[in-house]
Amino acid sequence: MLRFQAISVVLLGLLLVMALPIQQAVGVDQDDATEILESLLGLTVERHATALAAMHGWGALYGNYRSRAAAGEPDAVRVWLLIAFTTLARGDAATSEAFSSDLIPVYRRQPEAVLDALSDNLWLAPTTCYFLGAYFDFEDRAGEGRQAFLTDETQSIQAALPEAAAERCLRQIESPERPGP
Amino acid sequence: METYTIDVLRNGSSGILTFKHGTIDISEVCWWDQNVVIDAGTYTGYATRMANKTDGTDGGKREAIWLGAGVPYNSGAATANGFFIHKGTGPSWSEGCIVLASAKVYQMWSEIQPKEQGNINVTIRDQKVRRGRPQDRDCTRRRYLASQMA
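Note that the protein sequences, when read in sequence, are chains W and V. For reference, each letter of the first sequence is one residue, going 1 to 181 in the working numbering. For reference, each letter of the second sequence is one residue, going 1001 to 1150 in the working numbering.
Chain W with its partners taken away, still in its complex shape (with noise of 0.2 Å):
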């Protein structure tokens, strides 16, 4: 339901960003939202000779986003939580763990960037907040430091979200539950 809720939103706004001309294409590379397209519809990407430099590919592409996302980079972070919604669309395992390792580092260091990016696209946030939740269970944290984060951060996410969407996002990251296809 959460892909067929989102998915024509996601499908246009790739379009657009990939009929835009380069110069204009709000810093996401045109090659990049063509394969982030293709991942999400299940298609070959077409960049890359074979599916073992498909995997090397998509797991770079991950990391340039990572990197611009921790620098703050608005647009960055919009694509590069776009790659969390299609990671989870898609079972990508791998990319999930990374997900849940390196979401809420990110999110340390650019809190707004992150939450203005959820506020501007809120159909991003069931999974955004899944794998904010998922950290602290992840690789043997049991549970550490959720408390602290949920007292330091539930009243920005009140503030940036609607209180439905905040409401959803706090359970998420309370209690992670891996949002269905």
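Think of the hints as simulated: they come from the structure by calculation, not from any bench. All values reported here derive from a predicted model rather than from experimental measurement. One or more hints might be untrue.
Unchecked claim - Stretches of chain V that chain W covers, calculated by requiring three or more beta carbons in the stretch to come under 8 Å of a beta carbon on chain W:
1. 1007-1018
2. 1093-1104
To be verified - Restraint-style ranges between C-beta atoms, simulated for each label pair:
3. V:Asp-1039 <-> W:Asp-137: 41 to 47 Å
4. V:Gly-1090 <-> W:Leu-43: 31 to 37 Å
5. V:Asp-1039 <-> W:Thr-50: 20 to 26 Å
The beta-carbon is built from N, C-alpha and C at its ideal position, and this holds for glycine as well.
Based on these hints, arrange chain V on the given structure of chain W.
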């Protein structure tokens, strides 16, 4: 090119990963995320590194075995391209990958040459429950008759 074999036999929430080659003989407990379960089958594996994990045993990126593209999971519900075998101390290290002790992953990964080649057959199987033979009817009848005579 030499071909290697990795066998994963699952039983409930954990399994045993087996790898034998030369003097290496690994039989080790492994885990995975119970919500994202790779379908049983044989997949072509590649010894590689995970692009976004920097905690490799040798100080580089994390050593892993990639299971290739289009791997079915959750009883054929979908296919995905991001399943690996990599290090981990329990299911909390997984969002679908198979994880086991880092020393064993590194030992296995180091043995496989060359890297970045589809030279591994990874078989994932589920333990079948062995059931006892149904009781012999005649035997049951004799026991009944004996109890009536007693």
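How the hints compare with the structure:
no. : hint                                 : in the structure
1   : 1007-1018                            : violated (count 0)
2   : 1093-1104                            : holds (count 5)
3   : V:Asp-1039 <-> W:Asp-137: 41 to 47 Å : violated (25 Å)
4   : V:Gly-1090 <-> W:Leu-43: 31 to 37 Å  : holds (35 Å)
5   : V:Asp-1039 <-> W:Thr-50: 20 to 26 Å  : holds (23 Å)
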